[in-house]
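Input sequences plus hints: build the corresponding full structure.
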Amino acid sequence: MAVGAADQVMVEVQNLTKYYGNFMAIEDVSFTVRRGDILGFLGPNGSGKTTTMRIATGYLPPTSGTVRIAGYDIQTQSLEARRRIGYLPETVPLYTDMTVEDYLEFMGTLRGMPKQRLRQRINEVIDIVKIHEYRSTHIGKLSKGYRQRTGLAQAILHEPEVLILDEPTIGIDPIQVVETRQLIRELGKEHTIILSTHILPEVSMVCNRVVIIHEGRVVAEDTPANLAERLKGTERIELEVRGPAREVMPLLRSLRGVMDVRRLGEGEPGTYIVESRRGADLREQIAQAIVSKGWGLLKLNPASISLEEIFLRLTVQEEEGG
Amino acid sequence: MRNTLAIAWKETKSYFGSPMAYVIGAVFLALTGYFFVSSISRPFAEATIRGWLLPATFFFVFWAPALTMRLFAEEQKLGTLELLLTAPVHDWEVVLGKFLASVAILVGTLSLTLYYVLLLFWFGDPDVGPLLSGYLGLLLYGSASLAIGLFASSLTSNQIVAAVVGSGLLLLMTLADQAAQIVGGIASRVLEQISLTAHFADFARGVIDTHNVVYYILVTVFVLFLTERNLDSRRWR
Ligand SMILES: Nc1ncnc2c1ncn2[C@@H]1O[C@H](COP(=O)(O)OP(=O)(O)O)[C@@H](O)[C@H]1O
Ligand SMILES: [Mg+2]
Numbered sequence: 050m051a052v053g054a055a056d057q058v059m060v061e062v063q064n065l066t067k068y069y070g071n072f073m074a075i076e077d078v079s080f081t082v083r084r085g086d087i088l089g090f091l092g093p094n095g096s097g098k099t100t101t102m103r104i105a106t107g108y109l110p111p112t113s114g115t116v117r118i119a120g121y122d123i124q125t126q127s128l129e130a131r132r133r134i135g136y137l138p139e140t141v142p143l144y145t146d147m148t149v150e151d152y153l154e155f156m157g158t159l160r161g162m163p164k165q166r167l168r169q170r171i172n173e174v175i176d177i178v179k180i181h182e183y184r185s186t187h188i189g190k191l192s193k194g195y196r197q198r199t200g201l202a203q204a205i206l207h208e209p210e211v212l213i214l215d216e217p218t219i220g221i222d223p224i225q226v227v228e229t230r231q232l233i234r235e236l237g238k239e240h241t242i243i244l245s246t247h248i249l250p251e252v253s254m255v256c257n258r259v260v261i262i263h264e265g266r267v268v269a270e271d272t273p274a275n276l277a278e279r280l281k282g283t284e285r286i287e288l289e290v291r292g293p294a295r296e297v298m299p300l301l302r303s304l305r306g307v308m309d310v311r312r313l314g315e316g317e318p319g320t321y322i323v324e325s326r327r328g329a330d331l332r333e334q335i336a337q338a339i340v341s342k343g344w345g346l347l348k349l350n351p352a353s354i355s356l357e358e359i360f361l362r363l364t365v366q367e368e369e370g371g
Numbered sequence: 025m026r027n028t029l030a031i032a033w034k035e036t037k038s039y040f041g042s043p044m045a046y047v048i049g050a051v052f053l054a055l056t057g058y059f060f061v062s063s064i065s066r067p068f069a070e071a072t073i074r075g076w077l078l079p080a081t082f083f084f085v086f087w088a089p090a091l092t093m094r095l096f097a098e099e100q101k102l103g104t105l106e107l108l109l110t111a112p113v114h115d116w117e118v119v120l121g122k123f124l125a126s127v128a129i130l131v132g133t134l135s136l137t138l139y140y141v142l143l144l145f146w147f148g149d150p151d152v153g154p155l156l157s158g159y160l161g162l163l164l165y166g167s168a169s170l171a172i173g174l175f176a177s178s179l180t181s182n183q184i185v186a187a188v189v190g191s192g193l194l195l196l197m198t199l200a201d202q203a204a205q206i207v208g209g210i211a212s213r214v215l216e217q218i219s220l221t222a223h224f225a226d227f228a229r230g231v232i233d234t235h236n237v238v239y240y241i242l243v244t245v246f247v248l249f250l251t252e253r254n255l256d257s258r259r260w261r
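First to last, the protein sequences are chains A and B. For the first sequence, this note's numbering gives the first residue as 50, with consecutive numbering after it. For the second sequence, this note's numbering gives the first residue as 25, with consecutive numbering after it.
In short, the hints are calculated from the structure, not lab data. One should not assume that every hint holds.
Said to hold, decoys possible - Coverage of chain B stretches by chain A, computed from C-beta distances (three or more under 8 Å per stretch; other residues unrestricted):
| id | stretch |
| --- | --- |
| 1 | 38 to 52 |
| 2 | 93 to 104 |
| 3 | 107 to 113 |
Computed from a predicted model, the values in this text were never measured in an experiment. Even for Gly, the Cβ is constructed at its ideal location relative to N, Cα and C.
Below is the structure:
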């Protein structure tokens with residue numbers, strides 16, 4: 050594994066927008082993942098998690114926006130970027146007519162691993178995901194849980210710097226869910242990981258950072274602990290200001306009772322989301338501050354959806370049977 | 025190249041892991057065998073393979089798509105295409121690898137028909153020239169058919185649809201020859217040029233004309249290129 054500064058940006062997602070025909074699946078999604086992070090990409094079903102991951106791995110092109118993996122652009126320097134990614138798609142696609150071992154050998158060869166190293170590494174990953182008894186079994190005969198492990202083995206085989214795991218714990222039994230999470234935490238010591246999930250507790254169990262996506266937009270980015278705090282209740286206000294973003298953000302942040310300020314997009318006039326504790330209506334205060342600076346206040350209203358409402362759509366408890 | 029060979033090797037093994045390769049080989053041998061036997065059991069029969077060459081090219085219409093239908097359709101159905109195309113591999117390496125696997129089966133099947141040639145040498149005195157040109161022609165014709173079948177497979181996740189579309193395309197390319205005789209003038213010339221069959225007659229007669237060789241190679245390369253473009257365009261849908 051390449052050495053790099055601990056805070057090196059490993060994945061940089063910038064202003065991603067994706068349309069399927071006329072349907073907008075994600076809009077202006079941006080976030081960064083630093084070396085050693087385990088980022089939880091949290092959102093209800095249909096919020097755009099898989100779409101984002103498919104773009105980040107180079108499977109789909111974005112309508113606009115960029116993704117960089119360890120500095121390499123996934124579209125213009127695709128092979129260099131792809132070399133650094135281990136990917137486990139949501140559906141865990143595997144060749145059912147191959148044995149686990151043959152499959153890993155095939156995938157390792159495609160990733161350009163030297164033969165000798167590959168042999169050795171196959172033994173290692175079979176060890177890591179604990180599938181010894183099944184190494185010569187045809188994948189078609191494996192249970193869902195063991196397929197999941199084979200998929201994970203494939204993803205970590207070439208020791209990629211970045212691991213992208215799309216809902217790695219859905220559809221497997223509860224004991225295996227616990228094991229898989231343990232394994233991901235373990236892998237997080239060596240890899241930078243993005244994992245998507247719609248299960249809220251999973252994020253606090255596994256991740257050190259969270260990005261919440263809802264209806265294709267990033268609505269929050271934080272640590273799991275802070276998020277839990279915010280879950281207790283927040284008020285969100287959306288405002289549109291004609292004024293220099295560099296000054297507007299600090300001003301809004303300096304107001305009493307403001308917990309977080311984010312800017313949506315790069316447009317002028319700028320759209321901002323201000324978060325405050327529930328019950329604290331800051332609208333008057335904000336309006337006064339903006340106007341006193343001589344900036345134009347074009348819009349000021351409660352944001353259409355609160356974090357809390359989004360959480361209601363997430364799975365907040367472990368489902369029975371995973 | 026290593027990627028291409030890895031993919032070709034995997035697909036070839038997978039042919040032999042299912043009954044597919046055997047069934048397909050057996051059907052080809054049974055059909056060509058029938059035409060071979062009937063062509064040499066007439067009185068004053070010549071010691072040639074011409075009796076089954078033309079029928080063989082017609083079998084390719086169904087045979088080639090049956091061999092290639094799985095190659096991309098199955099990847100799309102299983103979703104494995106997602107991992108294949110996000111691996112650090114060029115799309116053309118994937119296309120070429122799969123194509124080579126199907127050509128390997130073609131070569132294997134054709135080499136089994138060498139048994140007929142042995143019989144000819146045993147019982148008669150065949151000309152070597154037409155034998156060589158005949159096999160070269162079959163290899164070229166078969167490869168072009170496999171490329172067309174592979175292209176059809178990249179269009180869908182349904183193997184049956186892939187086979188039907190592939191056979192349809194091949195049938196058109198085969199019958200272009202017949203159509204050329206019905207229409208006249210320029211259209212006739214054009215149809216003759218694109219017809220897979222029109223370029224085969226020389227090979228069957230024992231003549232290797234570079235123009236014909238180049239034609240089959242061009243068709244093959246062009247259709248493989250279309251397949252690669254199609255995989256890439258999937259990214260834009
Ligand atoms: N290939 C596609 N064509 C059209 N719409 C799609 C396609 N894939 C996903 N969508 C739609 O885009 C939205 C986001 O989907 P997805 O990224 O799969 O969300 P998630 O993974 O968070 O469940 C959904 O409304 C889904 O129906
Ligand atoms: Mg999904």
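Need the list of violated hint numbers for this structure, in ascending order.
none
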